[in-house]
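Each chain is listed here by its residues.
2 protein chains.
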Amino acid sequence: MKPGAIKGFPEWLPEEEQVQQNLIDAIRRSFELHGFGPIHTRAVEPMETLLSKGETDKEIYTLRRYQGDPDDGGSLGLHYDLTVPLARYVTEHHGRLVFPFRRHQIQSAWRGERPQLGRYREFIQADADIVGEGSLPARYDAEMVALLARTLDTLPVPPVRVQVNNRKILQGFYLGLGVQDVTGALRCIDKLAKIGVDGVLAGLQAAGLTAAQAGACVALAQLGDDLQDLESVRALGVSHPLLEEGLAELAETLRYCRQQRLRTEVVAALHVARGFDYYTGTVVEGVLRDNPNLGSVCSGGRYENLASAGRTKLPGMGISIGISRIMGFLAHLGVLKPERRSPAEVLVAVHNEDTRHISDEIARDLRARDIACLVSDTSAPYSKQIKVAVRLGIRHVWFPGMDGKSSEVRDLDAGTQASADPATWDPGTSTKATSWD
Amino acid sequence: MKPGAIKGFPEWLPEEEQVQQNLIDAIRRSFELHGFGPIHTRAVEPMETLLSKGETDKEIYTLRRYQGDPDDGGSLGLHYDLTVPLARYVTEHHGRLVFPFRRHQIQSAWRGERPQLGRYREFIQADADIVGEGSLPARYDAEMVALLARTLDTLPVPPVRVQVNNRKILQGFYLGLGVQDVTGALRCIDKLAKIGVDGVLAGLQAAGLTAAQAGACVALAQLGDDLQDLESVRALGVSHPLLEEGLAELAETLRYCRQQRLRTEVVAALHVARGFDYYTGTVVEGVLRDNPNLGSVCSGGRYENLASAGRTKLPGMGISIGISRIMGFLAHLGVLKPERRSPAEVLVAVHNEDTRHISDEIARDLRARDIACLVSDTSAPYSKQIKVAVRLGIRHVWFPGMDGKSSEVRDLDAGTQASADPATWDPGTSTKATSWD
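The listed protein sequences derive, respectively, from chains A and B.
Last residue of the first sequence: 437 (the numbering used here), numbering continuous.
Last residue of the second sequence: 1437 (the numbering used here), numbering continuous.
Worth flagging that the hints you see were computed from the coordinates, not collected in a lab.
Honestly, I wouldn't trust all of these hints.
[As the list claims (entries may be wrong)] Here are the computed distance ranges between Cβ atoms for each label pair:
| # | chain 1 | residue 1 | chain 2 | residue 2 | range |
| --- | --- | --- | --- | --- | --- |
| 1 | A | R369 | B | T1312 | 34 to 42 Å |
| 2 | A | G401 | B | D1370 | 36 to 44 Å |
| 3 | B | D1290 | A | A414 | 46 to 54 Å |
| 4 | A | N22 | B | L1051 | 51 to 59 Å |
Everything numeric in this text was worked out from a predicted model, so none of it was measured.
C-beta: ideal position from N, C-alpha, C; glycine also.
Chain A on its own, in the form it takes in the complex (with noise of 0.2 Å):
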C-alpha cells in the first residue's frame, strides 16, 4: 500500500479535523435554528442532469465500473455542486415536500478542476435554500442572505464581509446600453478581481462591445459598498425597466440587513455576477474581510428556472458556505488552532492492569452521564500516564480508589487535585473553549 497525499483532495489531522467538525456543527445548528431541515443527496447525477446547465466548465468527473463493460458507465458523474441535485430533488419529490421548502445539505462535490490554494477537486459544502411553488416572493433573497450573515456570525472565523448584487442591475444597464451579447459581458466582468480593469475591457471588447460600453459595465462594477451608491447607478445615465427591478430588490435586502443588527457587513459590489449560469438575480458572495484577495468563502443566489414540476415553476435562493476552502485559508494564514487530540474530558488512570475494570467502571458511570473519557493504555507509573493526557490534551486525569470509591482528579491545567465522585464530578466548561477568540 502506498501512502501519500494526493492533490486537490485535502485531508486533516484529527485535532483539525474537530475544527471542521465544530464549523459543521455550528452552521447547521445556524441553519436548524432557522427551520432549514436536512436532506443528503447522492454523489452521482446522471451526465445528462449535470451537462444540462451548460456547466462543462465545471469539469465533471464520471464513474465508471472497474469489471463493468466499458459502455455500462460514463453515464454517472459526481456532482459538482449541491444545488443541481436540490433542483432535481425538489422536481423528483415535488409532491411529498411542503413548500416553501426549506432544507440545509452539508457534503462533499467534486470538480476536476487544477487545484490551487483553497480550490480543491474535492470539497466540502453546507448549503441552504429556500424553494418556492410557482412564485418565491424577493423578501426571501433579503432573509436568505441574512441567514448566512447570522450564521458567519456564530462560526470560530476570522470576519468575512457578505458581498451582494443583483444580476438584474447588470443585465438591466447592459440592455439599456445596447449590449448584444449580455451573458458574455456578465462573465467577462466577474473576472473584474481576479484580472483587473484592463483585462476586463479587453474581454469586453473581445465580447463585441464598443469601447463606450465597456467603460460604462466597468464603471458600474466599481460602484458598491452602500446604499448611497445605488443612487449613483443612475447617475450613469442608463436606464431599463430590469435594471429599476434589481436596484429595488437590493435595496430592498441591504434595508433588511442593516435592521438584522448583524455582526458579519453586509454591502453592495455591483462587480459580483458569480460563475454560474443558473443565478437569475440575487448573488451573494463572501470574502474574508482582512485577506478579500484570497477570493470567496461563501456564495449564493436567486434561480428563478432550475427546477419545475410539471407546469409549476419551482424558484429558489440558496446560500453555500465552503468549509473546506475556509479550512484551507486558516492554515494559509496560519489561524488554524487545532482542538485537543482527544474528544476526552478525562483520562481514567490504571494503577495496575489486575485493577483495570475499576478504571473501565468509572468510565461507564462517566460515560453515562454523558461525560467523554478514556481509560488509560497503559498502567505505567502515573507519571506516564499523565504525559499521555497532555499529548492527548485531556485536562483531567482520574485516580480511581482502590476501594472503587475515593477517587481524586487532577486538573492539569490549574494544577489542583482534589476528590471526586464519578455520579457527581463535572469536568466544568472550560475544556469546550472554542478554537476561535
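Take the given structure of chain A and dock chain B to it, following the hints.
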C-alpha cells in the same frame, strides 16, 4: 432536467433524513464518549491501493475527468470501505498520531454491486477503529465489540444480536483437519447463512476437502451462542495451537462483554467469517434479532497486517455500523418512524405583512436562546397558519402581540394556549422525543 431515482443510490425525504441524522448523531456521540475523535478521508484512493487487498470483487468505481485526457483517468477509484483508507491514513500520518490511535469516521462508500434490499451502491457507514503501534493487545478486541454493543444500546432501532467469532478458530480447526485451502474454506463457510448446509458442503468439496473434512467444518460452524459451546469445539476432536488461541480470545471477548451490563446481546457464532481478506482474528457481525435473515447491520474485526510504517506493524481492530443498511431495513420492516418535517419547535405567526418585522424579532430572540423557529410564510388567517404548522409537524404556534410583548403560544398537541415571553419561554422536551419507543 430529468429527475428520478437511481437503483442502489438511496435518498430520503426530509422527515426520514432526520431519522438518519439522529442515528448518525447518536453513534458519533457514543464514539466520542469512548475517546474516539473524528477523521474524514478523501473519497478516492489510488487504484493500486484499492486493489492491493485483492478485493477486486468489491466492484470498484473508477473516476475519469469528463473533459480530461482519456489516459488521465483510471488511476483513482472511490473507496469501498473506510478501513483501507484508514490503513493508508495511519501509514501516511504515522509520525503525527498518538498510538494507540482511536478514530471514528462517518462517510459514504461505494461499491458497484448488484443492488438489493440493504445492499446499495452508495452507502453511509459509521466506523470506529483502534490502531496500535507494533502490537495491539487482544483485550482491545473485547473493548471494541463492547463499544459496538454499547453504541447499539443507544440507538432507536430494533434489538440487534452481535455475533462474534475468531478466524483463528476456523483457521486452526481447518489446519488441524489437514485442509489445504484454508482461505477457500473460510470464504465458503461465510456463506452458510445465505446458501445453507448443502450448498456449503458442495462448495467445500469443490475446494478440495474430503466429505469428512467438509462435514466437520459445517459441524463447527453450527456450534455457537454461548461459552458452553466453546467446550463443544474441543469435543469435535480437532486440535491445533491456533484453534486454542482463537478459543481463548473469543472466550475473553464474551466474558468482557458479559461484565459490561449491555442490553444488546453478544453471542458466539462460529459460522461468522466475514468477507474481507484482511481480517486475522476476531470477527463480528450484528443482525436484527427478530429479522436475522435480512443480513448484517454492523460488522468488524481485527486486522493484524493491513497497515505498517517502515518495519513497524500497525495492527488494528474496528467496528462499522451500516447506516444506510439500517435505514433500508427500518423502511422495509415498516418501522421507520419519520420525524417532524421541520426542525422548528415553534411557528411564529404573522398578523399581517406590515407587522412581519414583529414576528421576525420574536424569532430572533428565540433563536438567540437556541430555540429553533420558523416565521410564517403567509399572513393568511391564523387558522391557515396553524394548518401549516400541523403539516410541518411543528407543535407550537406563537401569536405575537401587536405591541411586541403580549404574545400567546398555543400547544397544538396539548390543545392549550398561554401567554409567553420570548425571553423566557421553554418549548419543553416533549417535542424532542425520539422516533423509536
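How the hints compare with the structure:
1. A:R369 <-> B:T1312: 34 to 42 Å: Cβ of R369 (chain A) to Cβ of T1312 (chain B): about 38 Å, so the range 34 to 42 Å holds.
2. A:G401 <-> B:D1370: 36 to 44 Å: For D1370 (chain B) against G401 (chain A), whose Cβ atoms are near 38 Å apart, the range 36 to 44 Å holds.
3. B:D1290 <-> A:A414: 46 to 54 Å: Holds, since D1290 (chain B) and A414 (chain A) (Cβ atoms, about 51 Å apart) stay within the stated range.
4. A:N22 <-> B:L1051: 51 to 59 Å: violated (36 Å)
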